[in-house]
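Single-letter residue listing:
Protein chains: 2
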Amino acid sequence: MGKGEDTRNLILEAAVAQASEFGFESLTIGSLAERTGLSKSGLFAHFGSREELQVAAIEAAAARFTEMVFAPALKAPRGLPRIRALFDGWLDWTVRSGLGHGCPMQAAAIEFDDRPGAVRDAVVWHYERLERELARAVELAMGQGHLRPNLDVAQFVFDMLGVIFAYYHGSRLMKRDVSAARARAAFERLVAAATP
Amino acid sequence: MGKGEDTRNLILEAAVAQASEFGFESLTIGSLAERTGLSKSGLFAHFGSREELQVAAIEAAAARFTEMVFAPALKAPRGLPRIRALFDGWLDWTVRSGLGHGCPMQAAAIEFDDRPGAVRDAVVWHYERLERELARAVELAMGQGHLRPNLDVAQFVFDMLGVIFAYYHGSRLMKRDVSAARARAAFERLVAAATP
DNA sequence: GCATGGTACGAACGGTCGTTCTATTTGTCA
DNA sequence: TGACAAATAGAACGACCGTTCGTACCATGC
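Chains as they are written, first to last, in our numbering: chain A, 1 to 196; chain B, 1 to 196.
To be clear, the hints were calculated from the coordinates, so they are not data collected in a lab.
Since no wrong hints were added, every one of them can be taken at face value.
With a straight-line Cα cutoff of 20 Å, these simulated SDA-like cross-link-like pairs (lysine to any residue) come out: (1) A:Lys-75 / A:Ala-85; (2) B:Lys-175 / A:Pro-116; (3) B:Lys-175 / B:Trp-93; (4) A:Lys-175 / B:Glu-131.
Can you make the complete structure from the sequences, with help from the hints?
Put into structure tokens, the structure is as follows:
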């Protein structure tokens, strides 16, 4: 495909980085044009509107998450090891992605949770997919006998999300180095309560 | 004090409501002027800058949280009942406050976690206070014998925050009615693991 | 009843916003 | 290489941004 595709990907890379630091509301045509060295109209031509640009940035962030967290976890043996790999990868995927600032998906989730529209729909869609995949990994672990068979899967996913969110809060806002250790401790207690 | 104080409070009430729905980045002089029926310059005169307005809105939101969550919980007997009161009040304080949209403090936490400045400082300050008060309540419960004496207080606070954040995620973004029940179940498991 | 000072208004500033046009450059393929 | 399409630039638009300034209102204390 043409060179337009490359430019588009370059723009989205810059967009995800900027959203990680300043949120999706900061994704303006002008600031992204300056960041990428394009003209406003040249950049705009790749997307029909600002909203489409934001949606594309969500998709790009989700793709990066899949690549950085899910794909590596699939290499771990199914069951508890894979769940651990998911959790570990989830904790620092933004840093390993070179984003170095907050998780863009969570930023989008907060920014758009009360704003109906295409962006919100995209965020919800990706979180549903994420939680579904997570639930599937838990069920696999139950099938392997790593987790007890009467485990409430949705509750386990809920609890695991809580640990991640508390970690983001502690590390990104409060800048506490101890947050990673706290998150791992919480996760281990969660697993211990779910083993047969 | 004069009528200026009243107007200022009216502005801040509108600001907190708007931040609950659209975030603190949406707090523009123009939109708030229209919302309150004031002129732009008339509203602006109450604050030296937009940033000061945002800080004042943070303070107002924090004051509302104290009034709606902490103050009622202090009426509960110290120990576990008070912690339960804090948790219950925390879950739906925005609804009882007439905000009806997301928790403004969490929105501010995400929006400003990577943006140094007065707003971020205010957010961090209030979360530190909140977690300190929470830790004090836990210590009181340990003193009462409701929680085991070797409990890791900071870890308990971390876990409790996680439950709250997971609840906000489930109820505000994913619009799942079951989130409150999941949050209560998670909290009860947390308490059960912390009792002597 | 009148001065005084806090309170609000209206107009204007330079800048940025998203978006729309029309050119112009650039890349691709016969 | 030449033709044609894709990709980018440039200028302009109306709207809104935060902020400043000069002026009017209006409540209060004498």
